[in-house]
Amino acid sequence: MRTFCFRKSSCARVILSAAAAIMQIGILTFVPDAALAHGERNQEPFLRMRTAHFYDVKWSANDIPVNGEIVVTGKFRLFPIWPVNLPLPEAAFLGNGTPGPVLARTESYINGVPAIQSTKLELNRDYEFKTVLKGRVPGYHHVHPMINVMGAGPLLGPGNWLSVTGNESDFKLPIKTLSGETIDNLETWGLGRVFFWHGLWVAIAIVWLVWWLRRPLLLPRFRALTEEGGDRSQLVTSTDRLFGAGLLVATILIVFFGFQATDTAYPRTVPLQGSRATVEPLPEVPEQVKVVVNKSNYDVPGRSLRMNVTLTNNGSTSAQLGEFLTSNQRFINHEVSQAMATVDPNYPKELLPPNGLKVSDSRPLKPGETKTVDIEAADAAWETERLSSLINDPDNTLGGLLFFYDEHGKRTISNVSGPMVPVFTDPDNRTAENPKGGAG
Amino acid sequence: MQGGASVRLYGLEWPKESARISRVFDLLVAAILFLAVSGAFHLHYMLTAGDWDMWIDWKDRQWWVTLTPIMAITFPAALQYVFWTKFRLPIAATFAVVCLLFGQWINRYFGFYLWSYFPMSEVIPALLIPGALVLDLALLLTGNFLFTAMSGAFAFALLFYPANWFWLAPYRLPVEVMGQLVSVGDYISYAFTRTALPEYIRLIERGTLRTFGGHSAIIASFFSAFVSILMYLAWWHIGMLLARVVTTPNTLKNFMGLTDKDEPAETAQKAIDRTSLQGRFVASE
Ligand SMILES: [Cu+2]
Numbered sequence: 007m008r009t010f011c012f013r014k015s016s017c018a019r020v021i022l023s024a025a026a027a028i029m030q031i032g033i034l035t036f037v038p039d040a041a042l043a044h045g046e047r048n049q050e051p052f053l054r055m056r057t058a059h060f061y062d063v064k065w066s067a068n069d070i071p072v073n074g075e076i077v078v079t080g081k082f083r084l085f086p087i088w089p090v091n092l093p094l095p096e097a098a099f100l101g102n103g104t105p106g107p108v109l110a111r112t113e114s115y116i117n118g119v120p121a122i123q124s125t126k127l128e129l130n131r132d133y134e135f136k137t138v139l140k141g142r143v144p145g146y147h148h149v150h151p152m153i154n155v156m157g158a159g160p161l162l163g164p165g166n167w168l169s170v171t172g173n174e175s176d177f178k179l180p181i182k183t184l185s186g187e188t189i190d191n192l193e194t195w196g197l198g199r200v201f202f203w204h205g206l207w208v209a210i211a212i213v214w215l216v217w218w219l220r221r222p223l224l225l226p227r228f229r230a231l232t233e234e235g236g237d238r239s240q241l242v243t244s245t246d247r248l249f250g251a252g253l254l255v256a257t258i259l260i261v262f263f264g265f266q267a268t269d270t271a272y273p274r275t276v277p278l279q280g281s282r283a284t285v286e287p288l289p290e291v292p293e294q295v296k297v298v299v300n301k302s303n304y305d306v307p308g309r310s311l312r313m314n315v316t317l318t319n320n321g322s323t324s325a326q327l328g329e330f331l332t333s334n335q336r337f338i339n340h341e342v343s344q345a346m347a348t349v350d351p352n353y354p355k356e357l358l359p360p361n362g363l364k365v366s367d368s369r370p371l372k373p374g375e376t377k378t379v380d381i382e383a384a385d386a387a388w389e390t391e392r393l394s395s396l397i398n399d400p401d402n403t404l405g406g407l408l409f410f411y412d413e414h415g416k417r418t419i420s421n422v423s424g425p426m427v428p429v430f431t432d433p434d435n436r437t438a439e440n441p442k443g444g445a446g
Numbered sequence: 055m056q057g058g059a060s061v062r063l064y065g066l067e068w069p070k071e072s073a074r075i076s077r078v079f080d081l082l083v084a085a086i087l088f089l090a091v092s093g094a095f096h097l098h099y100m101l102t103a104g105d106w107d108m109w110i111d112w113k114d115r116q117w118w119v120t121l122t123p124i125m126a127i128t129f130p131a132a133l134q135y136v137f138w139t140k141f142r143l144p145i146a147a148t149f150a151v152v153c154l155l156f157g158q159w160i161n162r163y164f165g166f167y168l169w170s171y172f173p174m175s176e177v178i179p180a181l182l183i184p185g186a187l188v189l190d191l192a193l194l195l196t197g198n199f200l201f202t203a204m205s206g207a208f209a210f211a212l213l214f215y216p217a218n219w220f221w222l223a224p225y226r227l228p229v230e231v232m233g234q235l236v237s238v239g240d241y242i243s244y245a246f247t248r249t250a251l252p253e254y255i256r257l258i259e260r261g262t263l264r265t266f267g268g269h270s271a272i273i274a275s276f277f278s279a280f281v282s283i284l285m286y287l288a289w290w291h292i293g294m295l296l297a298r299v300v301t302t303p304n305t306l307k308n309f310m311g312l313t314d315k316d317e318p319a320e321t322a323q324k325a326i327d328r329t330s331l332q333g334r335f336v337a338s339e
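Quick note, the sequences are listed as chains A and B, same order.
Quick note on my numbering: the first sequence kicks off at 7 and runs consecutively.
Quick note on my numbering: the second sequence kicks off at 55 and runs consecutively.
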């Protein structure tokens, strides 16, 4: 039976694909879907709550063929209460969080400035970004916008699943050089010269090694050097020296003429470009609603964040609290239609906690009005996104953005930040497993 | 077998069977050494000049040209001491560099290209063979480590940039991307992104070295060449230290009564004196 099976390649293939299917079912059953993303939850909560807040992020497609294009756009604000243990964004780079170069980035901009170089960014300011990506490796990929900050590492924006279909070998990234060469595909450009030149020198090196290896090598040479009667002139003969001298001249000549020939073949080259881009932040919009956090608790068994805040409307239009954004989780106040209207149906569901934001008084603030309200963001996301580990951090100040809407639907953004006090127990006997509480 | 035919190897009489076994031993040691040097040299090189060697947009005219020869002359120098003084073999540098290149290509092809999706054009290792050949040939022709340092180690660094330019030049052609001038190498690394290694981490011609004027690769090459001489001398001596055979005397055997009567027990201090004297004798040979 066994021999029969291993002889028939079709049978082996059946076994292999069955094994693959079993493994796949296993993975799909026991690993939650989003856990296949790439570790964004392992970043400390203070890092995710108080650095870059991405909003209005859009992915132009969910499904592209190899060579197809996807454009990721959106805005981000660098939080003013920046963690003290992180360096300021003196040098930052717009990246894209993907599992390796499965997509090729063809263009990227921050506020319209090409983002091929790094730049300095300012705190408490907003920036608009755009990244154009081209499908390269087929598969199901989690794609995030991302800001790398020198010394602070990658700061990830929201991630969305994207499927790339087709054949990897069809991928091409062509470009025309300013000196007139047409490059069909950057993936393979120049490799002919690389393989020829590396191959040539490896061949010469092997000739030199074999020249010596062909003779008795270790013990005979060692004895001839150390023992009476050994003939040292046979260890290195005059033929060896002559061959060596010839090889020395040949090496220098090959390098010299190789260099000359290359300069003739490519007379116009430029060094690597290492400058910094200058990016002006978006025009400053005054904060319409001033937010003061009076008290904030994280309820550990109830998995909810509760804040008591005093809101003051300093603008000339009304303001209604529509959304609390932190760590790429959008807690939306379901009572505010303008806020609900901002949710793109394509937006990743796992970043929209279903209960949204509960506000004790959702009525709009009139111009000049001050009101103290309780807001609650309760969701299992605090645990699944590992944000509740804020209580283990040396810096447990929370941070986020509050989005307000006026009667015309115009949005203004306020920063919200304050120390967080955990509540570990409560009289209702609620636990993380039993958030409703009650006996048993 | 006993008393069979014999051969003369380098002026010494060898029983034929011994010569044959010695040849098998040669090949075994060569194979083991190839893998060991590939691993050890590759690790050393990755830790000291790794990113410069890995990425097409790190190979600038200043830091790459300066650092690579300085960090790459280490193992060749140490191995040259052993290969030349113990066996009169002028192949240590070439051997070390071929081992390194082997390890790099394995790493780039399987680790970067197949496993992590980077195109080969982004991860080509630098070529050190021409410089290594000249280093070996300098030792062969001068027979002296000091002259080798001054000529061979100097040339090892000087040849580095021109020897790599042959394959590197196509990656330094100018292209216009989003209305900006960059080189093809810059654009390759921009297009095939490294999520954890952003642009600002690179060191592209930073510092005052270039203000000496002219082409910064030439200045960097000469600076690297001077430091390479010193590195060569230092690592030749490291090779000397590592090649010493030092044994630790078993002083505990005295307690077990295992000392010969006419041979007094050797103290630890005496043993250290003896071994270090021996080491010095071998080293200065
Ligand atoms: Cu992800």
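Rather than coming from a laboratory, the hints here were simulated on the basis of the structure.
Predicted model only: the values in this text are computed from it and were never measured.
Worth double-checking, as some hints may not be accurate.
Simulated coverage check for chain A against chain B, where a stretch passes if three residues somewhere in it have a Cβ under 8 Å from a Cβ of chain B [as the list claims (entries may be wrong)]: (1) 176-186; (2) 223-230; (3) 240-251; (4) 363-372; (5) 380-387.
Chain B side only, calculated, beta carbon under 10 Å to chain A, not exhaustive [stated by the list, open to error]: (6) 60; (7) 115; (8) 125; (9) 181; (10) 183; (11) 218; (12) 221; (13) 245; (14) 254; (15) 257; (16) 302; (17) 303; (18) 304.
Every residue gets a Cβ at the ideal spot worked out from N, C-alpha and C, and that includes glycine.
Results of checking the hints against the structure:
no., hint, verdict
1, 176-186, "holds (count 6)"
2, 223-230, "holds (count 8)"
3, 240-251, "holds (count 7)"
4, 363-372, "violated (count 0)"
5, 380-387, "violated (count 0)"
6, 60, "violated, 13 Å"
7, 115, "holds, 6 Å"
8, 125, "violated, 19 Å"
9, 181, "holds, 6 Å"
10, 183, "holds, 4 Å"
11, 218, "holds, 9 Å"
12, 221, "holds, 5 Å"
13, 245, "holds, 5 Å"
14, 254, "holds, 4 Å"
15, 257, "holds, 8 Å"
16, 302, "violated, 24 Å"
17, 303, "violated, 24 Å"
18, 304, "violated, 27 Å"
In terms of the numbered hints stated before, the structure departs from hints 4, 5, 6, 8, 16, 17 and 18, listed from lowest to highest.
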